[in-house]
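These protein sequence lines map, in sequence, to chains A, B, C and D.
Position one of the first sequence corresponds to residue 22 (the working numbering), numbered consecutively onward.
Position one of the second sequence corresponds to residue 22 (the working numbering), numbered consecutively onward.
Position one of the third sequence corresponds to residue 274 (the working numbering), numbered consecutively onward.
Position one of the fourth sequence corresponds to residue 274 (the working numbering), numbered consecutively onward.
Calculated from the structure, these hints are not laboratory results.
Check before you lean on any hint, since a few could be wrong.
Quick look at which bits of chain D chain B covers, simulated, 3 or more residues with Cβ under 8 Å [as the list claims (entries may be wrong)]:
1) 322–333
2) 337–350
3) 364–375
Cβ atoms here follow ideal geometry from the backbone N, Cα and C, with glycine treated the same way.
For reference, the chains in residue letters:
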Amino acid sequence: MTPSGTVSTRLDLLAAMLRIRAYEEKIVAFHAAGPFPNVCTSVGQEAAAVGVVSALRAEDQILTNHRSAGHLLARGADPGRMLAEVMGRSTGYCQGRSGTLHISVKELGVVLTSTIVGGELSLAPGVALSRAMLGGEGIVVCFFGDGAACEGIFHESLNLASVWNLPVLYVCENNQWQAFVHRKETMVGDHVAPWAAPYGIDSLTVDGNDVESVRKAALHAAAQVRETRRPFLLEAWTYRQRGHMEPHDQSYVDPAELEAWMAKDPIARLEARLLADGECTTAELETLHAEARRAIEEAAGFASASPYPDPSDLATGVYA
Amino acid sequence: MTPSGTVSTRLDLLAAMLRIRAYEEKIVAFHAAGPFPNVCTSVGQEAAAVGVVSALRAEDQILTNHRSAGHLLARGADPGRMLAEVMGRSTGYCQGRSGTLHISVKELGVVLTSTIVGGELSLAPGVALSRAMLGGEGIVVCFFGDGAACEGIFHESLNLASVWNLPVLYVCENNQWQAFVHRKETMVGDHVAPWAAPYGIDSLTVDGNDVESVRKAALHAAAQVRETRRPFLLEAWTYRQRGHMEPHDQSYVDPAELEAWMAKDPIARLEARLLADGECTTAELETLHAEARRAIEEAAGFASASPYPDPSDLATGVYA
Amino acid sequence: MTQMTFHDAVDQALHEEMARDSRVLMFGEGTATKRKGLLKSFGSARVRNTPLAEGIIAGTAAGAAATGLRPVVDLLFAPFLCFAMDELVNSAGKLRYMSGGQFSFPMVALAMTGGGWSVGAQHNHNLEAWFVHAPGLKVVMPSTPADAKGLMKAAIRDENPVLFFVDIGLAFTPGEVPEGEATIPLGQAAVRREGTGVTLISYAKTVHTCLAAAETLAEQGVSAEVIDLRTLKPLDEATILASVRKTGRAVIVHEASRLCGVGAEVAALISEQAFEALRAPIVRLTGPDAPAPASYPLEQAFAPQAAGIVAAAKDLVTRTLEAAPIW
Amino acid sequence: MTQMTFHDAVDQALHEEMARDSRVLMFGEGTATKRKGLLKSFGSARVRNTPLAEGIIAGTAAGAAATGLRPVVDLLFAPFLCFAMDELVNSAGKLRYMSGGQFSFPMVALAMTGGGWSVGAQHNHNLEAWFVHAPGLKVVMPSTPADAKGLMKAAIRDENPVLFFVDIGLAFTPGEVPEGEATIPLGQAAVRREGTGVTLISYAKTVHTCLAAAETLAEQGVSAEVIDLRTLKPLDEATILASVRKTGRAVIVHEASRLCGVGAEVAALISEQAFEALRAPIVRLTGPDAPAPASYPLEQAFAPQAAGIVAAAKDLVTRTLEAAPIW
Ligand SMILES: Cc1ncc(C[n+]2csc(CCOP(=O)(O)OP(=O)(O)O)c2C)c(N)n1
Ligand SMILES: Cc1ncc(C[n+]2csc(CCOP(=O)(O)OP(=O)(O)O)c2C)c(N)n1
Ligand SMILES: [Mg+2]
Ligand SMILES: [Mg+2]
């Protein structure tokens, strides 16, 4: 586990990204092996997740969406309980009732995960309102996609957070795709960050495939939210390396675009930098990769061995 | 009647505004006289309505909302059939089924009037899509309030109109109030026009209480939409002189604000200008006022004498 | 006992609950402007105006409810809930279950509906049945000021999201309201009038129509029991079934449209659980499958009338006597 | 007859109708990407991708429908309709009536729902009953590829807004589809199996569960009639009532949650219109009042099972024999 707040060295950042990559690759392997629930992987977006989450404090809260594995793992979630949830097992974080698309882990402050695109945006101001009214220093981080920015609730969420001075750090992972549609078909500009201006919200676009840049930008943005108790919009410019979901399909993706972005893989970039700076050796990197894979294999073993919930439990716990 | 497109002289503009004022004052009088359906009057906003509508062509279409009397009358709607509709009579434009809040007059191109704040914004792109795909030179004008601009559908509507290149002239009547809430409580800036920028939509704010300025701006904006077949946002900076609806209540309004705006009354301003320029005499103005009142009295007589629909008709015409 | 309007009774409940529990807050379009008393007592942090945006009002309530506050939101008129369905249904209603019980959503969403103001179908649409159908939500629709107060207090204290509908036709009608607590548990119907020959089942404004009909029926020798559901979810099945098992006949009355309305649920319940006691068909008198018209006479005709209830009840009694059992 | 999946049958209907009528167009999130055949045949003006914004997709369809086009919109999964309720219900459903008939809304809104993919309650929520309850809308939910094609063609030709729900569990199941026209009028149920002892009434996926149950029941000496509603609004009341008048017993089955669902409407209809013919209580077997779980075994248990239908039907037959008439 990589508890939030303890990640700070470049090697820590790498290890956190490798863990996410190994997790997603295990999902891909499960799919290759036979029927498995559809999953939206975050392969290629590890730097955005790790860079932002590493900049947060324990008391901060996170809202995320269908593409949440990076955020959860970076925050220290147990990959075993995550995989168990994906597989609908009773040991999953949500007792198997969520499945892959809306895993919340309240004990880590990952709250109200929703797969309704825009759901996270609709809920974040309320979570921040609780923070504002019940005290505490925490801020609320709301991860969402470039597609979610096209939903009306984006407008309502940012406007309310601004007029009510709510401490929300909005983080848009602009991964160029909105399921099967390129963002070029859905917005006139390339970037979501400028959409914050009408609400008087400061914003910044960062190279989302450079984990160190993301971390730096997130530390800056989070500090501003903490201090001003006002929202901020951080856009991570990144790429969804795989299809919208597993099983994988990229037939509609321009191969040149894909190739250009594959060359900017966030893990390879950090590794190259570490090697160039002499901060580690190829062998040490190999060890880190192996350790990540081992941890995920163990998690997969736990999940696969976990029982399904009892069907007689089907309709319990709907009401408090 | 003042058929659209034939209004062009300053005296025509004045007559059109006087007609609206007389209509709304009749509504106020009806309220004073006894129970009458609640109505949202457009007193104070006549210049925005007349200035924009006078700049349109017969083939253009208009969408409006709960505060529609100015738009309808400026477009040439019969005040008798409008009042009949307000009073729920079968001679009303919608057979009494609409009442005051959603009067459509398809034959004049005033389509799909909706009292759902944001309803007009949700429907306008589709009307414009029909224009774009079925041919014709017409453009679509969508009147909405500063409050409506806070609904998420504003964001979705402008974004779609932009990425699909739809000929929509969005006209925001920023009358400073959103029912019982001042716009200062709901948006950080004063103006809605800058909210068009993220969508790559050009915009302009005009003094909405100066009918000649509005007409000029609307002619410019409409010409641009006609030529580019792209949306444009025109903001008319104006004021709701009465309460949100009749029966009238302004207890929550800052008297200083009200006073300042009353001094900018659009009718008084044009009259002063006409007198100063020697374009008409006080006596001629009196005649115009009297004519407007007479026409509305006649309309009120027609409406009051009209029958109610037959209750047995209650559930007919729901389906086509 | 004090006389006050339905609207004031709701306001008093809000006042008492906000005084009792500092986590309770209220917001909506014009809430701070219109609820001056609340604003004065509890300040601008707990009584807020919002931008005109129902989605984020409801979403903010859900987010706040899940993390420690107990929001009440005023969404004004029921059709405007159409802009808040995702937040109410997909978030507040489902995320408790979907998260394996990690969150709860103690919140109340208030909205007016029903005929009486000639405002037309975009302000007047009785869509309470939608929220009965959706899981995880509770639904309240009272018929008297006393119930409005007692149920609002219970709704605020409930750990689940509650939709609280105010019938426009009742909002400014005065009635007796008891002092102090007088909380009314969610899920308890009220027997407004006892009777033996037929059960009239209703809620909100049409409870009063049923009571008027029962009066007329009594004059004509038919003893009608009148049940006021008060809470539509959870539904007080026991009270409904006990009554129909006694009378053998049911007339269900509401202003909402007929198809898949609350009346359908009540009829289905009876036809499954009290079938053996039924002595006549179950009749529904409801609004038609049409938008609510603005025109006053049409709007009045939209809601079921006492004369229709009387006729239906008498018909059931007659048909029972005439019909021969088929087996 | 050709074998094709439900999904392909819908696609074929779209193809034929777009070829027949140049006013028909289709748009949605990924429509142009996923419906390559349509895009190729009809071009990018008539087959469009949209931004991710269900409200404006539905609103644009309504605005276009009222002014000369005949849009089909793909809203993907039923819970996403929560972002389009205003446009579907307040605009498309009401503005014809509210305008005194000045507009009509010939449009189709497509959405998937139902169990089978373990996607959880924010993708799987059978909320067809909401649209049956709301005025001005029609609702279709077919159970076979042939019906999917025939009903989609009819839906596109209808002058009213039609909600077209595709049961996820059926979408990729192949079946026989007739060549050419084979349009199926909206509002006609199908008797899938004739029988005399009990009527099983259902729609979409659970029609097949009912057919399986009928098979078992036949082996056990109970003759079950199976009705596939196909169109939920307008409901084919005549077919339902004729069957129950014949069998005297009804079991209503659907995956949607129980309260105020379509089953409630059907039960209420029968209990009012066919009461004299009823020989046993009307039973509903439905999904519970709970969000749909993702976990596969729970998701399977959410929908009614054949064994439960068999047991319920047999119970009704038994109870009829034992029960004595009470009057
Ligand atoms: C309201 C809603 N509409 C559509 C979907 C289907 N859907 C799931 S993810 C997705 C794309 C989201 O794009 P984006 O917000 O950019 O996030 P990304 O998947 O790229 O991380 C879509 C259309 C949904 N889940 N919710
Ligand atoms: C969706 C919705 N929410 C709330 C209302 C109630 N309402 C009617 S008009 C209005 C204020 C609208 O403000 P604005 O858009 O600025 O228009 P104005 O009334 O100032 O002309 C409100 C809140 C409504 N009709 N629809
Ligand atoms: Mg994206
Ligand atoms: Mg305004």
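Sort out which numbered hints this structure fails and list those numbers smallest first. Hint check: nothing fails, all pass.
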